[in-house]
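Could you put together the complete structure from these sequences and hints?
Chain order of the listed sequences is H and U.
For reference, each letter of the first sequence is one residue, going 1 to 264 in the working numbering.
For reference, each letter of the second sequence is one residue, going 1001 to 1309 in the working numbering.
I should point out that these hints are in silico values taken from the structure, not numbers from a laboratory.
For clarity, every value in this text was computed on a predicted model and none was experimentally measured.
Careful: at least some of the hints might be erroneous.
[Claimed, not checked] Listed next, the stretches of chain H that the computed footprint assigns to chain U, with coverage defined by at least 3 CB atoms under 8 Å from CB atoms of chain U: (1) 93–102; (2) 111–119; (3) 229–242.
By construction, the Cβ of each residue, glycine as well, lies at the ideal position given by its N, Cα and C atoms.
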Amino acid sequence: MLRAKGLEITFNPGTPIENRVLRGLDLNIPTGQFVTVIGSNGAGKSTFLNAVSGDLAVDRGSIQIDDSDVTRRSAWQRSDLVARVFQDPMAGTCEALTIEENMALAWKRGARRSFGFSLTRKLRELFREKLSILNLGLENRLSDRMGLLSGGQRQAVSLLMASLQPSRILLLDEHTAALDPKTAAFVLELTARIVEAGKLTAMMVTHSMRQALDYGTRTVMLHEGRVILDVKGVERAGMDVPDLLHMFEKTRGEKLDDDKLLLA
Amino acid sequence: MSLIASLGAIEIGLIFGLVALGVFLSFRIINFPDLTVDGSFPLGGAVAAALIVAGWNPFAATAAAIVAGALSGYLTAWLNVRLRIMQLLASILVMIALYSVNLRVMGKPNIALIDEPTVFSLLEFGGLPDYLLKPLVLLAVVVAAKVLIDLFFASEVGLAMRATGGNPRMARSQGISTDRLTVWGLALSNGLVALAGALFVQSQGGADISMGLGTIVVGLAAVIIGETILPARSLVITTLACVLGAVLYRFFIALALNSDFIGLKAQDLNLVTAVLVAFALLVPTYKRKLAGLWPGVRANPTHVVKEAK
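Below, the structure written as structure tokens:
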């Protein structure tokens, strides 16, 4: 469960380029919900995700994950609760390390690390088994360096890594944006499968309204640092992209003119 | 070059093997350009020499030198991660400060250890001559350090340290305190370098305030030469390459300086170093060109093997 209350973040405060990215954002996500987040450029999607993960500190407001108030915790201190997949395939894995070493890192996410061996026969067996569900043949390349993999393969492994250990919330930051359409579809399917299988609480930022409606159980739209649309259940099930646009125009009294949102 | 001169070169090479391991740890693993070593090498030497002269057991004095070196690395990392001072600048500040500290520790610009006990004199057994004993003891120390570092890199904490240098943002998202591991890593690195300094003064018979000059260049040279002659994906091989690089480097330096027909003298040491490092940096490029001329020659066979698997 995630409870974000009155989040405010301002970049470069008190300067001519001051940018109020989050302006009192409230959002509650109950356990087990898969929320898709949309919004035009600069709406605050990525900033919000980074605030939840702890990469960015909020100026005001509070973030609660399950029973813990994590507002003041840094990113590494939240990692026992938060799992994430980055937008950039290069960001979520360490290319100098091998596939199995990357997975061993994720295996210990949020836990104490010891001076014992990071890789054991048993762990390798487990990783091989996990990788085999990707159907990419990676289970035979455990000791290959991550840098040898394509962007799509790396995102797929990132997803696996994020699901190796239980998390209270899984953050997906436009994790298919850097991939070609076919690979993106594969990674999205995989995402849905993993979230479903683990009954995970998840939040996926996307640029595509289509994706936002096709995946997950609830869709929220951010605009100027706040949640302006929130649809779920029956209402959402019957929705198509034009309906979403229409709803936006009605609530805001303005036209949405971000080509990316419309076309994607 | 005589046998004794060769063994002497290997002896110093092995000592710089420890420096190379330390430099490899900071520059390559944690990705922290750390120049503290120019200060922590003589710091190790100064602490060991001063304590031995004060009557300490040489082993205890060496251990104290390691702790002192580790503290200096800790300080550099602390300046960077806590006070946000640029990495290079933080290490230069500590390096400069250590010059004064070293003078304070020694109380004078140099200390002779000719008649004092050293770890080498204490280990003397079976009447093994000095010129054989020292390289053997040093070999044992370097091998032990290398194996311990390899084991550390294979551990959960060691893996976290490698991720800290490789992709800090990812490391943090996996629950790794990159700040803490940077501090530990630099402490470990400079501890190793100080150990080298302590062994250097005990094998060379004295400490001198200027002995740290260029330590970082020699350490980097060793790492680069090692990586060139033994390119590998496996860390176990790479740490071996660092040590080999250091030994080869010192050996070639001795060869160049001892060969009368070249006409080089001790004062040409730094020039020879620069030429050697430049040469080592050129080899990979040259190899690639060769591979282009003859398709049968592969520039980097490890790449090919891995991808084919």
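ask   = Holds or violated: the region 93–102 of chain H covered by chain U, criterion of 3 or more residues with Cβ-Cβ distance under 8 Å?
value = holds (count 6)
inquiry  = Is the listed coverage of the region 229–242 of chain H by chain U valid when you require three or more residues with a beta carbon under 8 Å from a beta carbon of that chain?
reply    = violated (count 0)
key: Claimed coverage, the region 111–119 of chain H by chain U - three or more beta carbons nearer than 8 Å   = holds (count 8)
Comparing the model with each earlier hint shows a violation of hint 3 alone; every other hint is respected.
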